[in-house]
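Chains as they are written, first to last, in our numbering: chain A, 1 to 90; chain B, 1 to 411; chain C, 1 to 279.
Hints in this document: simulated from the structure, not taken from any laboratory.
All residues carry an ideal CB built from backbone N, CA and C; glycine is no exception.
Don't take each hint at face value.
Said to hold, decoys possible - Here are a few chain A residues that face chain C, going by a calculated C-beta distance under 7 Å:
no.	residue
1	Val16
2	Asp23
3	Lys25
4	Val48
5	Glu49
6	Lys56
7	Val60
Claimed, not checked - Stretch-level coverage of chain C by chain A, calculated; a stretch enters the list once three of its residues show a Cβ under 8 Å from a Cβ in chain A:
no.	stretch
8	88-102
9	123-134
To be verified - The calculated lysine-lysine pairs, modelled on DSSO-like cross-linking and capped at a C-alpha distance of 30 Å, are:
no.	chain 1	residue 1	chain 2	residue 2
10	A	Lys70	A	Lys56
11	C	Lys151	B	Lys207
12	A	Lys70	B	Lys221
13	B	Lys82	B	Lys47
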Amino acid sequence: MNELEKLKKELKEIIVRDLKLVDVKPEEINDTDPLFGEGLGLDSLDAVELVVIIQKNFGVQIIDMEEGRKAFESIETLAKFILERQKENS
Amino acid sequence: MNQTNQVAVIGCAILCAAGSSDKDFFETTIAQTTPDNCRPIPNYLFKTRLEYPAFFLEREIITKKEVWNFISPFLERNNLPKCPNRTIELLLQCLYDVLIDANLQPKELKNKKVGVVIGTTVGSTFNNEEYYKAYREKKYKDPIAIKNYLSSNLAQVIQNVLEIKGPCMVVNNACASGTDAIGIASIWVKSGLCDLVIAGGVDELSKIAYLGFSNLQLTSKFPCKPFDISRNGLNLGEGAALMVLSSPKYTIQTKGFILGYGCIADAYHPTAPHPRGEGLKKAIKQAITQANIDIKSISMVNAHGTGTIANDYAEAAALEKLFNDSVPIVSTKGLTGHCLGAAGAIEALWTLCALNNMLCPGTIGLHQKDPNIKINVIPEKEQVNLKNKIGISQSLAFGGGNSCIILMGKD
Amino acid sequence: MTAILLKSILINNEESNISKALTRKLRRADNFTKLCVKVTQNILNQNNIINNISPESRAIILATRFGPIETNFRYLDTVFDFGEEQGSPILFSHSVHNTASGYISRIFNFKGPIYNISSYSYPLFSALLTALELLEQKLAELVLIIEAETKSDLLNQGIKDISLNNNHTEIAFFNYAIAWILIKNIKYINNEIYNILIIDNFKLIEYNNNILSSSLLEEVKITYKDTVIKTDIYHLGIKFTQNLKEIHNILAYQDNINFHIKSKIGYIDGKLYKIKKEG
Chain A
1 MNELEKLKKE LKEIIVRDLK LVDVKPEEIN DTDPLFGEGL GLDSLDAVEL
51 VVIIQKNFGV QIIDMEEGRK AFESIETLAK FILERQKENS
Chain B
1 MNQTNQVAVI GCAILCAAGS SDKDFFETTI AQTTPDNCRP IPNYLFKTRL
51 EYPAFFLERE IITKKEVWNF ISPFLERNNL PKCPNRTIEL LLQCLYDVLI
101 DANLQPKELK NKKVGVVIGT TVGSTFNNEE YYKAYREKKY KDPIAIKNYL
151 SSNLAQVIQN VLEIKGPCMV VNNACASGTD AIGIASIWVK SGLCDLVIAG
201 GVDELSKIAY LGFSNLQLTS KFPCKPFDIS RNGLNLGEGA ALMVLSSPKY
251 TIQTKGFILG YGCIADAYHP TAPHPRGEGL KKAIKQAITQ ANIDIKSISM
301 VNAHGTGTIA NDYAEAAALE KLFNDSVPIV STKGLTGHCL GAAGAIEALW
351 TLCALNNMLC PGTIGLHQKD PNIKINVIPE KEQVNLKNKI GISQSLAFGG
401 GNSCIILMGK D
Chain C
1 MTAILLKSIL INNEESNISK ALTRKLRRAD NFTKLCVKVT QNILNQNNII
51 NNISPESRAI ILATRFGPIE TNFRYLDTVF DFGEEQGSPI LFSHSVHNTA
101 SGYISRIFNF KGPIYNISSY SYPLFSALLT ALELLEQKLA ELVLIIEAET
151 KSDLLNQGIK DISLNNNHTE IAFFNYAIAW ILIKNIKYIN NEIYNILIID
201 NFKLIEYNNN ILSSSLLEEV KITYKDTVIK TDIYHLGIKF TQNLKEIHNI
251 LAYQDNINFH IKSKIGYIDG KLYKIKKEG
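Chain A with its partners taken away, still in its complex shape (with noise of 0.2 Å):
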């Protein structure tokens, strides 16, 4: 599994146990779904404590929502993003 595969794994296990998503498993969620919105149906408060998530987990910033927004498209904007922006901060 390469980097990104592996990343996008991790995200899926992060987000279903910190943003308690009890009645999804990790595999069931598409790399392409919506995360906001439609698909997983994450609102506004889920987006902040993702910010928080991402800094935790990975060590990368988000400046605002704005900036997120792009990002939370889905796992696969989401974990092209962290990788991104891990290879920029080093």
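Knowing the structure of chain A, use the given hints to seat chains B and C on it.
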């Protein structure tokens, strides 16, 4: 106007970053100078790495001998070496001031039915960080922290200081607590349950609230800009405001009246308001119905106007449907910050001042209105004369509460 | 002041079991919220009255001493463990007193006035006072009153650590929630027996020399008929609610019960009597 429906305001007191009396605060607003009050957190409040500025008062809230003499019997009776917390200091200083303003001696209260309703958010929580840290680490903790916590129900403190009997309650409705306290007090007066009610709100600038609002990304690194196109969040503040409410038949002097009160929940989301302000619209209509007036007689609205994207849009959406361009809208949070439990009470008192002066000063922090906001929010450096002395002060609570008071100035 | 006391209920459990339908909606909820939602679900399941009342006429008064005290500590845990920028927004938003009632309002569609009040003595009866006024002044047609508390080891330990007057019984707070439904309008009730609660002489809080002792509460007596029931005051809301059940049974045989609740810090006189809608 139906006199029996009215509740008289016979005393007012405010403590906030913009002034220590309602006149002070109003004059500061009229002056329309951008205040220097929004600053980094001083060490005497708490230490933090975060850089969001806030509005706060001096280290020592109670400095005058007369006020210490007023509260020291209470401290002695309860074996408290000093006020249990800063919130209580703010409250008791304000209590002293409001009794003076209402021309009431504590001894006059003893044979009356006096109610107490105080709104707060932080003031009801056990916020002693050091105690919790020590508990977590299984180290020694001074039990005085628990004793202080159990002695700090704000309404009970007032009862105890004044040695009065009657209904008493603390309201924890987040940002609408102050408005709701005044609303509930007006309900108690109308019912005959109380001759007088001391009502208002208080909150100190607490580290936990500061961190929490920052984690929720609601705070701004700059002074807030209500309804402005470049607004990006709120600033926290601290303060206290109290009113003494009475049935009109008991009073000689009044500063004004509470005509109506509305309180409706959005039932929408844990932290965001309903985007079209549905609950707020209904709360305003409810207050208007209670006041038995035509909505066209409203001459101004003191909005919640925190300067967050979501709040200002939601509030504007509601107000747009109810009021046309001729009604000035204002927010005062650019001068006080968002004082949470105290906000609604501070703003109600300020609104009464504006109505009595028939003048609505502009919104500090508003330079260029967001073009998506259609209501007539008065920007900084402008002011509007009012057509009469009837106006609204409203609050939107974190979690979906919407509260509205209709006030009328004195004749 | 009168109102029809439709139903009252008490739950007392360590871990609230929520129905499956609500599990997703309560995924972020803390124990305090879950307790309040569960007691609301229980009491609403017992009758259909709520369907006759518009959402804007449904009010909630949620009363507590300490609110979601443990959630506040869970939030502090995230700040201490991960740093100030990494405090959990979900935990912070659930550590404020008005979150639980917000859940109830969203799940059960209550859009009327919602008050979250805190009082160290008599939370339930403080709520009752304003509930009766909301009904009297037609600000609501139905009021849900809840008294709820969660167990906090820190607080229970702290209370032990404070040196207490020997007269105080040792108190520990535990998980419980009480709910009452009150309405004013007789047209909503079905052809059953209900209790009408009349509060005369509601002198709830009298001045007490020492606010700490009024917080730590004292013994009270509830008397009805000629029977004196002694109870610990911090259980007052619970005991009174449990007694309502007994009173309800007794009411089957007689028309009314006078009750008198007295302690050093206040007293309540009232009547409970049954009504049955004719036809």
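Each hint tested on the structure:
no. : hint                    : verdict
1   : Val16                   : violated, 10 Å
2   : Asp23                   : holds, 6 Å
3   : Lys25                   : violated, 14 Å
4   : Val48                   : holds, 4 Å
5   : Glu49                   : holds, 5 Å
6   : Lys56                   : holds, 5 Å
7   : Val60                   : violated, 12 Å
8   : 88-102                  : holds (count 4)
9   : 123-134                 : violated (count 0)
10  : Lys70(A) <-> Lys56(A)   : holds, 19 Å
11  : Lys151(C) <-> Lys207(B) : holds, 25 Å
12  : Lys70(A) <-> Lys221(B)  : holds, 23 Å
13  : Lys82(B) <-> Lys47(B)   : holds, 22 Å
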